[in-house]
Amino acid sequence: MKVALVGQPNCGKSTIFNVVAGYRSATANFPGTTVRIAWSKVRLNGLLFELVDLPGIYSLTASNPAEKSARDYLLSSDIDLIVNVVDASLLSRSLELTLELRETGIPMVVCLNMMDDARRKGIEIDARRLRELLRLPVVETVARRGVGVRNLFTQVGLQRGHAPAPAEALAWHRDVEAAVEAMEKYLPDGVSNKHLSRRFFAIKLLEGEGDGLTPAPTAATEAAAEGIREELAQMHGRPADSVVMSERHDRSMWLFEQAAKVGRPRADIRVALDNLVMHPVGGYVFLLLLLLGFFYGVFRVGSALEDVLLGAFESGFAAWLAPSLTAGTLAHAVVRSVWEGLAGGAAIVLPYLVPLLVGLAFLEDVGYLPRVAYLMDGLLHRIGLHGTSTVPLMLGYGCSVPACMATRILASRRDRFLACVLACLVPCSARSVVILALVAFYLGPLWALGVYAFNIVVVILAGRLLARLWPEVSPGMILEVPRYQWPSASVVVKKVWLRLREFVVVSWPLLVGGSVVLGLAEYRHWDQVINAGLAPLTGALGLPVAVGTTLIFGVLRKELSLLMLMQALGTSDIGSVLSSAQILVFTLFITFYTPCLATLVALATEIGKKLTALAVAFSFALALLLGVAARWLLGLLLAG
Amino acid sequence: MPVVSLDQVAAPARVRVVKVADGRRTRQLLAQLSIRVGSQLEVQRAAPLAGPILVGSAGSVVAVSRGLAGKVIVEVLA
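Heads up: the sequence lines are chains A and B, in that order.
Heads up, the first sequence is in my numbering, so the first residue is 1 and it goes up one at a time.
Heads up, the second sequence is in my numbering, so the first residue is 1 and it goes up one at a time.
Hints may contain errors.
Listed next, the in silico EDC-like pairs over lysine to aspartate or glutamate satisfying Cα-Cα at most 20 Å (straight line) [unchecked claim]:
hint: 1; chain 1: A; residue 1: 185; chain 2: A; residue 2: 257
hint: 2; chain 1: A; residue 1: 121; chain 2: B; residue 2: 42
hint: 3; chain 1: B; residue 1: 19; chain 2: A; residue 2: 241
hint: 4; chain 1: B; residue 1: 71; chain 2: B; residue 2: 22
hint: 5; chain 1: A; residue 1: 121; chain 2: A; residue 2: 211
hint: 6; chain 1: B; residue 1: 71; chain 2: A; residue 2: 241
hint: 7; chain 1: B; residue 1: 19; chain 2: B; residue 2: 42
hint: 8; chain 1: A; residue 1: 68; chain 2: A; residue 2: 257
hint: 9; chain 1: A; residue 1: 2; chain 2: A; residue 2: 80
hint: 10; chain 1: B; residue 1: 19; chain 2: A; residue 2: 247
hint: 11; chain 1: B; residue 1: 19; chain 2: A; residue 2: 250
hint: 12; chain 1: B; residue 1: 71; chain 2: A; residue 2: 472
hint: 13; chain 1: A; residue 1: 261; chain 2: A; residue 2: 117
hint: 14; chain 1: A; residue 1: 261; chain 2: A; residue 2: 126
hint: 15; chain 1: A; residue 1: 261; chain 2: A; residue 2: 140
hint: 16; chain 1: A; residue 1: 68; chain 2: A; residue 2: 241
To be clear, the hints were calculated from the coordinates, so they are not data collected in a lab.
Full structure from sequences and hints, please.
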């Protein structure tokens, strides 16, 4: 049976999904983490479930692409049952969606999640009373700890095929009910499709939300709806959709009063924490120190490990492999390349990547990102965006692919384009590896810090430029700021692995393969042809001609550039071959030029091929401009 | 009771929404997070640099950008 997890953003749908399906749908403590539909088959209590994890929706009125995909899926797929996940600590608001979902007529189970948080806030919920009033099964869970999830699916199995029974207590005011009934009369006979009720169609038409319904309402039905809407609006002195919304609101408030008692919240240190984190001055100082500490910490851990591991790989090659190979032979070239590919992944990428991902996962799960959005909204307005874009921009420090996907929580196409382009300019973990392993390692952590700071300046200027080229009045931000949550260690580990797997399974083999290709190319002297072709570029940047091929590898994966650089230059001690200025220019160019292949695919999906081509051209031009400028400036500075 | 737009309220304060002065989309966007005519809000703080207003509504905390807040007309309760 097909079961859809439906609920408001950040109520724990994906957490429930992961409890039963294994960690497959990334979770975090901010609204809008899930932007695409996740799907899994699971066997539970002897039953086979097709479980669907939908992006969070506040109501069945979609206001951004992520919500729209959830709504469309819900209305057009053959779902056997809805599990309505409710954040129990936000019960009164969440019940509005519960009532709206109930209208669809699809069998349904209500899952009161985060019961622990509700108790902490002093909300005591009488689940039994709620069940009687809603006439739906209600199951209490604390999904984060797996509590109640098995029971939830027992109820799901039992409820199959049982559409919600009519509930007297949930009826609306008489005149509004009359309008719904009148509307139902105008619906053609075949209109209620397999699983959506006639009442649901009627209500949606009353709300003026007819688009997206299948079958689409006829012109005659729409005309009748228009008449009923106007009548209702005249009676109430406000638009019909507002009247319907008020009815749901009214009923959910009543339900809440009947089934819940609000007592005194327990004293919570988390309130005091916000006084610091969101302080008009202290908040920014905290953010700055946190980011500094974060990248410095990653660098310290990474460089210490890199030193040890790189040395181990070098001596390993000398001790085990070199004796049985003759230098200058094909075998030597191949074995050496494979070894370097392995060493690059294990000794250079992983030492930086793992701490970076752990740190980021922690920040996401603790709930800090929406606070950053709050702090940055005012500043982002100056570059033509708003605070909600903070989420994709911050995620950009991890990987550009999820960052681009996260732009689905933005409502306007123009905002999504801007946020995508800017998020791609933010150094992702792969580029951070380049910055930390090259600039911080050879020039010192302060220089690396300079690169990050410079990057932020460029992102701001690029934002201003793009916003000026594509002006639009942004609808503004409205973002829920969730409670802090102490991240669960096992979830952090699983999340890091989910993201790390991408490197281990895709990039690392690519890295070894690329290393062999480059080794062979060198062996046959083909690389000189490629390098000669790229000579104008490397020349303009003031880099050695041999660097040319590495830039091509960078399009596949950014960290490949670094590893290929070592191979192309024939040493892992880059500092002995490149000058400080060259290291900086190389890093800057790598940081800004064309996004990697995976990101290009994600970009094309999010903003279309045309805008992607535009984004690529923009970033390439920007990288070239900055690279050449940096070369001249640094030439002057470092020479003098 | 003084009636002003939400962005003019000095935090902390309790307010009641009397009008949402904008089109249907904005109204729905705000209503989804329980900012609608009649709801009581707790204005907690305002971010610097014309940043958002932080309001408590129906048990959750919501950041509303200055522009949107300007469209929410409220009366200050206490």
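Hint by hint, here is what the structure shows:
1. A:185 - A:257: With a Cα-Cα distance of about 34 Å, the restraint between residue 185 (chain A) and residue 257 (chain A) is violated, given a limit of 20 Å.
2. A:121 - B:42: It holds: about 16 Å lies between the C-alpha atoms, which stays within 20 Å.
3. B:19 - A:241: holds (15 Å)
4. B:71 - B:22: holds (6 Å)
5. A:121 - A:211: violated (39 Å)
6. B:71 - A:241: holds (19 Å)
7. B:19 - B:42: OK: residue 19 (chain B) and residue 42 (chain B) at ~16 Å, within 20 Å.
8. A:68 - A:257: At roughly 31 Å apart (the allowed maximum being 20 Å), residue 257 (chain A) and residue 68 (chain A) break the hint.
9. A:2 - A:80: The hint holds at about 5 Å.
10. B:19 - A:247: holds (18 Å)
11. B:19 - A:250: holds (18 Å)
12. B:71 - A:472: Given that 20 Å is the threshold and the Cα spacing comes to 18 Å, the pair holds.
13. A:261 - A:117: Given pair residue 261 (chain A), residue 117 (chain A) holds - Cα atoms ~14 Å apart, limit 20 Å.
14. A:261 - A:126: Within the cut-off at roughly 8 Å; holds.
15. A:261 - A:140: The hint holds at about 16 Å.
16. A:68 - A:241: holds (18 Å)
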